[in-house]
Structures are given as C-alpha cells and as structure tokens.
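Enquirer: Here is what each chain is made of, one letter per residue.
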Amino acid sequence: MKEKETKNDLQELMRLYILPFGGFVVALLIVIFAIIPLLNETFAGIEEINRLRTRHQELIGERNNRVSMQAGLPRQEAVLNKIREVIPQSQTAVADFSERISALAAQNNVRLQNSNVGESVRVNTGAATGSVEIANLELVELPAEFSVTGELNSIIEFLSSIYNAGDFIVIRNMDLQKSVRSSSSSSDARFSTQATDNWNMSMTLTKFQFRVSGSQAEEALSDVYFGVPDSSRPNQQVINFVEENYL
Amino acid sequence: MAGIFGLFSNKEYEFAFNLMPANTKATVKETAKRKKQIFTAIAVPLAFILLTILILLINLIPVALTRSGWQSAIGALESELADKTTILGRVKLINGELKIKTDFIVDPVGKNVDFKIIFNTVEEAFRSNASGSVITSYGRSDNGQFLVNATSTAESGPSEILSKFKAIEAVQSADIVTVNRATDPDQYRFTIGFILKPQTT
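Read top to bottom, the protein sequences are chains A and B. Every letter in the first sequence is one number past the one before it in numbering that gives the first Met the number 0, and letter 242, counting from 1, is 241. Every letter in the second sequence is one number past the one before it in numbering that gives the first Met the number 0, and letter 163, counting from 1, is 162.
Bound conformation, chain A alone:
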C-alpha cells in the first residue's frame, strides 16, 4: 500500500514537475541548437543579400560610368593614338629624330654646327611622375645636344618649328647668345640691328619613348591598364595639349 502510494507520489512528481521541466529543457535545447543557428543563418543570409545588393549597385554604377565614358571613346582613342605615335613604345627613334632636327635647321636657314645624339638615357618610372605605380613601364628620355648658328629670327623660327613639327620634342635647356663678331650700337639690339647679326645657340632637345622593362610581355601591360579604376581620369592638361597641337 505504501509502495503504491510512493509510486503514485513519484508519478505525481513526474507529472507535475519533471515532465514540464524536461519539456522546458528540450525546448531550451531546441532553441539553442536549432532556432538560434537557423536565425543566425537567416540573418547572415539577409546580410549577405544586402552586401550583394550594394555590390550590385556598385557594379551598375561602374557600368553606367563606362557607358557614359563610351561617348568620349573616339576622342580618347584619337588622343591615345597620337601619344603612341609621338611617344613610341619599345622603338628606337633617336636616329630619325636627329635627321628631323637637321632638316628643320636647313629649312629655317640655321646652320647646324654639331650634334651629339643618344649619349645618355634618363628613365622616369611611373612613381617618379606621380602616376599609378607601374613596375614594368618606363618613360625614357633621349637627350640630344645641338649647336646652331644663324640670325636671331631664323633661330626663333627654327625653335618654333621644332615645337610645331608634329613630333613631341622638348627643348630641355638652351643658351642663345650673340656671336662675338656681331655689333650692336642701338639700345634695342634685337629689333634694329639684329637682322644681320649672328647668334650662337647650344641646346639640349629631348625625345621621349615608352619602354617595357624586364621580361614582362606587353600582354601584362594591358592587365595593368585594365586595372586602372574607372574613376581615374586622364590628365586633362595633356589631353588639351595633344588635341590643340596634334589633332
């Protein structure tokens, strides 16, 4: 009888306390091991969707940007082709450059005394010019020294013709002096008595060319060009210069 009572008590205890408690524990375990991970996964999924949406917006922006850039493509190509022409890549343009200067001197009645071409090469890397860092592209300077004599106006025309010859040649330094045998009695030496005066000029001209250094193929360069962000725009000063002088 007592055993039965004890059994009943146990059953009652089980029914009243242990079973609800067990249910609570099971529910807690389900919450911890099923609901929370599922919730995390759901939130992570939503977060991922938001991230993807943002990325999609960026890409759409990039695409729209390129579409808008597309309108300027012919102009950019024209400028780039001209730059490729006047600043060639991986070609030696020194001999041709010297001949061109001699021809211009002859055209402008300036006597070319001597020239010293291709003696030294100065290299500017992209980092040096503040450009995007490009390990394998260099701008090579090919300086050439010339000495000429002639009348001042002829020399001015000669210098101007170098600028307007359709090539990119920079007069890096120049020293123009009256020849010692010339005489000047007027106060305005240039415009009154210089018509027949001889002037001597020594100058250093610089021709430029791009060079791909090392063993990297030019294919790698196109990857570098392609890696430039769309937001980076070409230097407008240079674009204007090319358009005004060559196109």
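I should point out that these hints are in silico values taken from the structure, not numbers from a laboratory. Be aware that one or more of the hints could be misleading.
In silico lysine-lysine, DSBU-like type, Cα no more than 35 Å apart, as pairs [to be verified]:
id : chain 1 : residue 1 : chain 2 : residue 2
1  : B       : Lys-83    : A       : Lys-81
2  : B       : Lys-24    : B       : Lys-35
3  : B       : Lys-163   : A       : Lys-177
4  : B       : Lys-196   : B       : Lys-163
5  : A       : Lys-81    : B       : Lys-196
6  : B       : Lys-34    : B       : Lys-24
7  : B       : Lys-163   : A       : Lys-1
8  : B       : Lys-196   : B       : Lys-110
9  : A       : Lys-1     : B       : Lys-24
10 : A       : Lys-1     : B       : Lys-83
11 : B       : Lys-165   : B       : Lys-110
12 : B       : Lys-34    : A       : Lys-3
13 : A       : Lys-6     : B       : Lys-28
14 : B       : Lys-34    : A       : Lys-6
15 : A       : Lys-1     : B       : Lys-28
16 : A       : Lys-3     : B       : Lys-32
17 : A       : Lys-177   : B       : Lys-115
18 : B       : Lys-165   : B       : Lys-196
19 : A       : Lys-3     : B       : Lys-28
What follows is a set of in silico ranges between Cβ atoms, one per label pair, in the way DEER data are often shown [stated by the list, open to error]:
id : chain 1 : residue 1 : chain 2 : residue 2 : range
20 : B       : Lys-196   : A       : Ser-178   : 29 to 37 Å
21 : B       : Ser-155   : A       : Ala-102   : 39 to 47 Å
22 : A       : Arg-52    : B       : Lys-83    : 25 to 33 Å
23 : A       : Gln-10    : B       : Leu-18    : 16 to 24 Å
24 : B       : Lys-196   : A       : Glu-47    : 49 to 57 Å
We put the beta carbon where it would ideally sit given N, CA and C, even for glycine.
Position chain B against the provided structure of chain A, taking the given hints into account.
Expert: Structure of chain B alone, referenced to chain A:
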C-alpha cells in the same frame, strides 16, 4: 476472475480491499484538468518551437533564392565588365592606358613651349624701356625656367624690366636671378628668370 479461491489469496486480498476513499467526481475532474494543463504546458511551447523552426526553414528558401539571384546578377555584370573584348572593356582599357601615359608625360608637356611665345614675351618686357636695357642672351635651364641676360645703363634697369615681366599676363612668375655692376663701361648686367602660365604654353 480468480475464482472463489482467489478471495483468499494474499494478492487478491491486497487489491480486493481498498481502504482509500473513492475519488469524488470533482477530484477526478480536477485531476483530468490538471493532466490536460500539464500536457498543454508542454505541448504548446514545443509546438510553437517546432512551428518557429518550420517557419525559419521555410524562410531560408526565399533567402537562398534571393541570394542566388543577386549572385548570378553580380556574376553576369562582373564578367561583362571584366571582358576586355567588349566595348565597355575597351572603354576601360583605353581610359587606363591614357591615364597612365598622360601621368607619365605631364611634366614634359608642361615644359614643351612654342618658343615664339617666349621671344614675344621677352620682346614685350624690353619694349620701349626707359633704362636702356638691352638683351644679351637667352636661355632655358633644366627646370624649365626661361632666362634673359641683359645689360642696362641705369641702376633702375633690372627692377624696371622685372616689373614689366610681372605685368605681362602670360607670365606666371618672374625673378631677378643675378645683378652685377661693371665699372668699365658703367653698366648693370642682370639676369631675369621667368615661367609662363601653363595655359599659354
């Protein structure tokens, strides 16, 4: 069921005689209600939890579908933008090459000047000067600065010419580099350095 002899067995005796008073109807009803409450207390939260799991699982399907949709849209856009052979790829390639090359040559371009402009500027600065200043030579230094060497019979020559240079709109900056006084003949030799504004070059 145990038969008449079963009345005298110990076991039957134990079950045959219940001294506990029988439960009242109310107690039976109360017990049944309590059992039902206990069942409800366990079942309802469990059902709620299971329902939550089900909802979350169902919710994961559209999340996964949406994510997959965005991923494929992004993949398509990325491959379109990364393709160098398309017109959009070509736009990027040209822009990149132009950006890099123009950055490289910006400094030389800044130094490339039509010398006619230089000589015209110098002419303008020396025209009708009161100090009798005369140009003796022209020059350009490696940093791109233009130099004019001149002589003057008056002490005010260098400052007069400098102020004339500074008054010319095309001139960005002008400075006297050197001034010497020669005793025989009594002359002032000076050098003026100047730089033109970029737009005029």
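Enquirer: A range of 25 to 33 Å was offered for this pair. Does it hold for the Cβ distance of Arg-52(A) and Lys-83(B)?
Expert: 27 Å Cβ-Cβ, so the 25 to 33 Å window holds.
Enquirer: With a cut-off of 35 Å on the C-alpha distance, tell me whether Lys-163(B) and Lys-1(A) pass.
Expert: Measuring from Cα to Cα gives roughly 127 Å; hence the hint is violated.
Enquirer: Given the proposed pairing of Lys-165(B) with Lys-196(B), does the C-alpha separation stay at or below 35 Å?
Expert: With Cα atoms ~12 Å apart, Lys-165(B) and Lys-196(B) stay inside 35 Å; holds.
Enquirer: Does the Cβ pair Lys-196(B), Glu-47(A) satisfy 49 to 57 Å?
Expert: 54 Å, holds
Enquirer: Verify the proposed pairing of Lys-1(A) with Lys-28(B), using a straight-line Cα cut of 35 Å.
Expert: Measuring from Cα to Cα gives roughly 25 Å; hence the hint holds.
Enquirer: Keeping to a limit of 35 Å between CA atoms, is the pair of Lys-81(A) and Lys-196(B) held or broken?
Expert: The given pair, whose Cα atoms are some 24 Å apart, holds under the 35 Å limit.
Enquirer: Lying within 16 to 24 Å: is that true of the beta-carbon distance Gln-10(A) to Leu-18(B)?
Expert: Once the Cβ atoms are compared, 20 Å apart, the range 16 to 24 Å for Leu-18(B) and Gln-10(A) holds.
Enquirer: Below or equal to 35 Å on CA atoms is what counts here, so check Lys-1(A) against Lys-24(B).
Expert: 24 Å, holds
Enquirer: For the pair supplied as a hint, Lys-34(B) and Lys-3(A), is the alpha-carbon distance within the 35 Å limit?
Expert: Holds - the C-alpha atoms of Lys-3(A) and Lys-34(B) are around 20 Å apart, at most 35 Å.
Enquirer: Is the Cα-Cα distance between Lys-34(B) and Lys-24(B) 35 Å or less?
Expert: 15 Å, holds
Enquirer: Verify the CB-CB distance for Lys-196(B) and Ser-178(A) against the hinted window 29 to 37 Å.
Expert: With Cβ atoms ~33 Å apart, the hint holds.
Enquirer: For the pair supplied as a hint, Lys-165(B) and Lys-110(B), is the alpha-carbon distance within the 35 Å limit?
Expert: 20 Å, holds
Going through the hint list in order, the structure does not satisfy hints 7, 10.
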